[in-house]
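Student: Spelled out from the first residue to the last, the chains are:
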Amino acid sequence: MEIKTDMAGLVESVLVAVGDVIETGQKILLLESMKTIMEVNSPSDGKVIEIKCESGDFVDEGDILVILG
Amino acid sequence: MSKKVLVANRGEIAVRVIRCCKVMDIPVVSVYTEADKDSLHVSLADESIFMEDRRGYLNGDTLIALAKETGCDAVHPGYGFLAENAEFADKCKESGLIFIGPSAKSIEAMGLKLEARKLMQDSGVPVVPGSGLIESIESGLAEAEAIGYPVMIKASAGGGGRGIRVAMNKEQFCELLPAAQKESEVAFGSSEVYLEKYFDKPRHIEIQVIGDHFGNIIHMGERECSIQRRRQKLLEESPSPVMNEALRDKMGSAAVRAAQTVGYYGCGTVEFLVDEEMNYYFLEMNTRIQVEHPVTEMVTGFDLIKEQIKIAYGEPLSIKQQDITLKGWSIECRINAEDHEKNFKPTPGLIERFYPPMGPWSRMDTYLVEGIKITPLFDSLIGKVIVWGHDRKEAISRMRLALDEMVIDGVPTTAPVLRKLLDDEEFIAGRFDNNYLEKWLKTIL
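Protein chains in written order, with the working numbering: chain A, 13 to 81; chain B, 47 to 491.
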C-alpha cells in the first residue's frame, strides 16, 4: 500500500524504518508546511517495505512517502 | 549618494514596502527565490534579483551583497526572516548600509524575552508575574508553585506565540516542560524557557510606538489583537472596544517608557496583556513593523512604513504626540491559506481566480495574482483585508461587504470563518478575550 501526502511540504522527520510493523493511526512522518508541523499517520496496519523520502526532502501533493507491505 | 532601498523580504509586506518606496520616489529592489517567481513583489519593484538559495531571505550575507551590487544604500527587512536579527542589523551597518529598523542593541535587548522582562521591571513597566530561566524540572516546579497554576512555559528566544505551553497543574508541567524546551530548540535554536502566570480571560492589546535618532518617541494608540487561534492573531482592530482615554494614556506612556529604556528608534510594538480588571502587563516588544500595522495607519492617517524610512534616513520625527488622535475605527482580517474545516490545515496550491475587495474604505495588502502558486515553504499569510468606518459598527459592516466581494478560488482560506465571526453577537458586542475564538470555533464546526 502506498501512503501519499495530501499536502506539499518539507519532510521534517521520518519516524519509521524499513521493517517496522506499524498500526493504523501510527505517526509515521512529520511534514512541515507553511511553518506548521503536521503529522502524517498511517491509514492502515502493515510492515514498512520502502521509505521514499528523507528528512529535508520537498514533497508535492500526491507524492508517495512510504510503502507498506 | 541617492537613496535606493533593497527589500529583504517577500509576500505582502514586500509589496507594501515597495509601494511606499515608489510613493516616496525612492528606487526599490526586490529579491526572490524560485517559489516566489510569479509573486507581485517581483514585478512591482524597479529591479528584481533572483536568489538560487531556497533560504535566501534568511541569508544575511547574500542580501547585503545584493544590496551593494545593486547600488542600494538601505535595506528594509519587513517582518519575520531577519527583521529581528541583531547580527544582520549590525552587518548592514558595517557594510555601510542603512538598516531600516532599530539598532542591533535595541533588537538584542528586547529579543531575549527574559532580559527584556527584567529591564521593564527596572523601568517601572508592569510585567506578568513570572520566573527566571528554568534549569530543571525540580526548579521549574518550585517556580510554578510560587507563581501559582496555571502557568505558561515560554521560550526565552521566542515570539509570535510559538513555543508556548500552558500547564494547569504539576503533572501537566512535568509533561509539557521537555516538549516546550524541544520546540524552542527547533524553532529558535535555544531550549531556554521561563514561566509566566497564565490569566483566564486576558486580552492582547498592543501599543504602536515610533521614535527617531534624536530621542523623540511617541505612541500611536492601541491595537486590539485578542482574536487569536493558537496564539496566532487572525483579526485585529484599532481602537480596542474596551479602551478609554485614561487607560490609553497610561498604557501609551508605559510603552514609550519601554522603548526609551532600550534607546529605541523606528517603528516598534509593545505588547501588553490586559486582565478583566483592566490591569496591564508588559508581554514583549516587537522591534519591527507588525503584520497588523495598517489598522493604526487607518485610524491615525499616518503611513508607518514611510515614517520608518524617513527616520532611518536620519530625519527627525515629524509627528508629535498631540498629532495622534484615533479617528473612527479600523479592522483587519488576515487571509491565510488554511482550511478551518480541517483544523486550519495549511492549504498551499494554485490561485485560480482572485478578485480583491474594492469598495470604498477598504484596502487589501497582498502578493496574490491570478495563477500564482502558494508555496508551502513560507507561512500561510497570503493577504490582509483592512477597512475603515466612522465607528466599530460601520467598520464591521464594511468588512462584511469586503469579504463577501473578495474571491479567492483554488485554495481554502480563513476568509469564510472570519466572515462568520463578523456576525457573532459576542464579537459584535466586543465581548471577547484571547481564548474566545477557539471556544467559538467549537460551536460552529
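Do not rely on the hints blindly, as some may be mistaken.
Claimed, not checked - A short, non-exhaustive set of chain A residues, derived as facing chain B with CB atoms under 8 Å:
no., residue
1, G21
2, S25
3, K47
As the list claims (entries may be wrong) - In silico DMTMM-like cross-links for lysine to aspartate or glutamate, where the CA-CA straight-line distance does not exceed 20 Å:
no., chain 1, residue 1, chain 2, residue 2
4, A, K47, B, D71
5, A, K47, B, E323
6, B, K391, A, E44
7, B, K83, A, D72
8, B, K391, A, D72
9, B, K419, A, E44
10, B, K419, A, E51
11, B, K391, A, D18
12, B, K388, A, D57
13, A, K47, B, E80
14, B, K419, A, D18
15, A, K47, B, E130
16, B, K388, A, E51
17, B, K50, B, D71
18, B, K391, A, D32
19, B, K388, A, D18
20, B, K391, A, E24
21, A, K47, B, D425
22, B, K243, B, E189
23, B, K388, A, E62
24, A, K39, B, E229
25, B, K419, A, D72
26, B, K391, A, D57
27, B, K388, A, D69
28, B, K391, A, E35
No lab work stands behind these hints: they were computed from the structure.
Predicted, not measured: the structure shown is a model, and the values here were computed from it.
Beta carbons: idealized from backbone N, C-alpha and C, even for Gly.
Student: Decide, hint by hint, whether the structure agrees.
Tutor: Each hint tested on the structure:
no.: 1; hint: G21; result: 4 Å, holds
no.: 2; hint: S25; result: 10 Å, violated
no.: 3; hint: K47; result: 5 Å, holds
no.: 4; hint: K47(A) / D71(B); result: 35 Å, violated
no.: 5; hint: K47(A) / E323(B); result: 36 Å, violated
no.: 6; hint: K391(B) / E44(A); result: 11 Å, holds
no.: 7; hint: K83(B) / D72(A); result: 18 Å, holds
no.: 8; hint: K391(B) / D72(A); result: 15 Å, holds
no.: 9; hint: K419(B) / E44(A); result: 17 Å, holds
no.: 10; hint: K419(B) / E51(A); result: 23 Å, violated
no.: 11; hint: K391(B) / D18(A); result: 11 Å, holds
no.: 12; hint: K388(B) / D57(A); result: 24 Å, violated
no.: 13; hint: K47(A) / E80(B); result: 18 Å, holds
no.: 14; hint: K419(B) / D18(A); result: 16 Å, holds
no.: 15; hint: K47(A) / E130(B); result: 18 Å, holds
no.: 16; hint: K388(B) / E51(A); result: 13 Å, holds
no.: 17; hint: K50(B) / D71(B); result: 9 Å, holds
no.: 18; hint: K391(B) / D32(A); result: 28 Å, violated
no.: 19; hint: K388(B) / D18(A); result: 12 Å, holds
no.: 20; hint: K391(B) / E24(A); result: 16 Å, holds
no.: 21; hint: K47(A) / D425(B); result: 5 Å, holds
no.: 22; hint: K243(B) / E189(B); result: 10 Å, holds
no.: 23; hint: K388(B) / E62(A); result: 29 Å, violated
no.: 24; hint: K39(A) / E229(B); result: 18 Å, holds
no.: 25; hint: K419(B) / D72(A); result: 12 Å, holds
no.: 26; hint: K391(B) / D57(A); result: 25 Å, violated
no.: 27; hint: K388(B) / D69(A); result: 24 Å, violated
no.: 28; hint: K391(B) / E35(A); result: 24 Å, violated
Consistency with the previously given hints fails for numbers 2, 4, 5, 10, 12, 18, 23, 26, 27 and 28, ordered from lowest to highest.
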